[in-house]
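S.K.: Hey, can you work out the whole structure from these sequences and the hints?
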Amino acid sequence: MFDLKGYGPALAEGAVITIELAFLSLALALALGLVGASAKLSGSRVAAGIATAYTTLIRGVPDLVMMLLFYYGGQVAVNMLSDYLWETRGIDFFFQFDPFISGVVTIGLIFGAYMTETFRGAFLAVDVGQIEAAKAYGFSRWHTFRRVMIPQMLRHALPGIGNNWQVLLKTTALVSIIGLTDMVRVAEEAAKAERMPFHFFVPVAAVYLALTAGSELFIKWLDRRANVGVVQGN
Amino acid sequence: MPDFIAEWLNKNEIFTAMTLMEYWDGLVTTVHLVFLSLVIGLVVAVPLAILRTVRNPLVSGPIWIYTYLFRGTPLLIQLYIIYYGVAQIPGIQETFWWEIFREPLYPALLAFTLNTAAYTTEIIRGAIMSTPHGEIEAAKAYGMNWFLRMRRIILPSAARRAVQAYSNEVIFMLHASAIASVVTIVDLTGAARNIYSRFYAPFDAFIFVALCYMALTFILVFAFRKLENHLLRHQRPVNS
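If you're matching them up, the sequences are chains A and B in order. Residue numbers 1 to 234, in the numbering used here, belong to the letters of the first sequence in order. Residue numbers 1001 to 1240, in the numbering used here, belong to the letters of the second sequence in order.
Simulated from the structure, these hints should not be mistaken for laboratory data. You can take every hint at face value.
Quick look at which bits of chain B chain A covers, simulated, 3 or more residues with Cβ under 8 Å: (1) 1178-1188; (2) 1199-1209.
Computed list of chain A residues with no C-beta within reach of chain B, every gap over 12 Å: (3) Leu-26; (4) Ala-31; (5) Gly-43; (6) Ser-44; (7) Ala-47; (8) Ala-48; (9) Asp-92; (10) Val-128; (11) Ile-150; (12) Pro-151; (13) Leu-158; (14) Phe-218; (15) Ala-226; (16) Asn-227.
The C-beta atom is built at its ideal place from N, Cα and C for all residues, glycine as well.
M.R.: This is the structure we're talking about:
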């Protein structure tokens, strides 16, 4: 059963890559989400317009198409820039666009849009009285944001962040399509070579299931901690 | 037509009638695949959701396991298991099933249907569970039996509560269907990938297809908004 025909170590390395990919994308998505939500609520029409265009665009396009566009398009763009710099300035500049970076950027951008909506809702759920109190104490706008809004918003954002994270984890499987040797890719190559699809895909599915199930428990625990002291009426 | 558009159309080598036909065929395949899996998935999900609310764990347990497995793993893995796995079932290559399943379209249809049915089951279950208790009590007081209660009271009211979450699932499915191109199906994404590799023009090939998906998404969003307005018209404020 656990004899993986010598592919065990490669699969384990692939699993580590999957997890790294997921956490880096999450970090990017959270950062973009905070910026996006602040832009939407900033009161500036330009900033809000850009943020709305961003979230609408992302939600209309499949993640795989976005990933293919970034991966193949990114390389072409780098090549063009490199040609231009060489011809006009004589600067030798080049880098290979690799699937890992494309994956992190694409997944981060996609889930940044979802996080924007989550954070926007959470910011709106913060009691206005809290913000007024901060103003009364002479807090600056930045100070209010950092010391009052963010800590209180996180409690409301947690369930949404949890849902997005679950979907994000499963989306990482797509990066195997553009050639990243994550565990899905290793399993696919092994399954083709050994003609044993169940043998390799079922363990990979089990790893994903363990990751989603574990995250679910962790998020529940975080949620309970974040809501300590909040009286919940039903 | 403005001159610059006409000039651009004349000069470009990518968007000829032939490639546009390829995109069109891809669009037809995508819509076909998504529509069929959604319809079959919904038909399967309604009875499963009702059984999932039954108190007996021998009935609801297996359904919970099914939805948990399909919601907890990536659709891509499910597709790979079905696509590569079917050929490995001993003896299948001698039966008529092989004629059907050697086409990549049917394994993909099966994977998509099972996946969307799992999500839809949970959506409908949630809607059934949140039926106001008074509605059920009133139905019981009128002497309705379980079947009549389900058909006349619980399911219609659950449908109203489920439609918003379901519209998200439909759009999710449309976007997820892009992975059909991985198992050699030439859907919209598959057409874009073919055209990309022929012309080495990633921006033209993929931005165009992104716009196609976006148009489909907005049509769906619009249609669901209409449906929601229709289903929830009794909740609209009087003067609007």
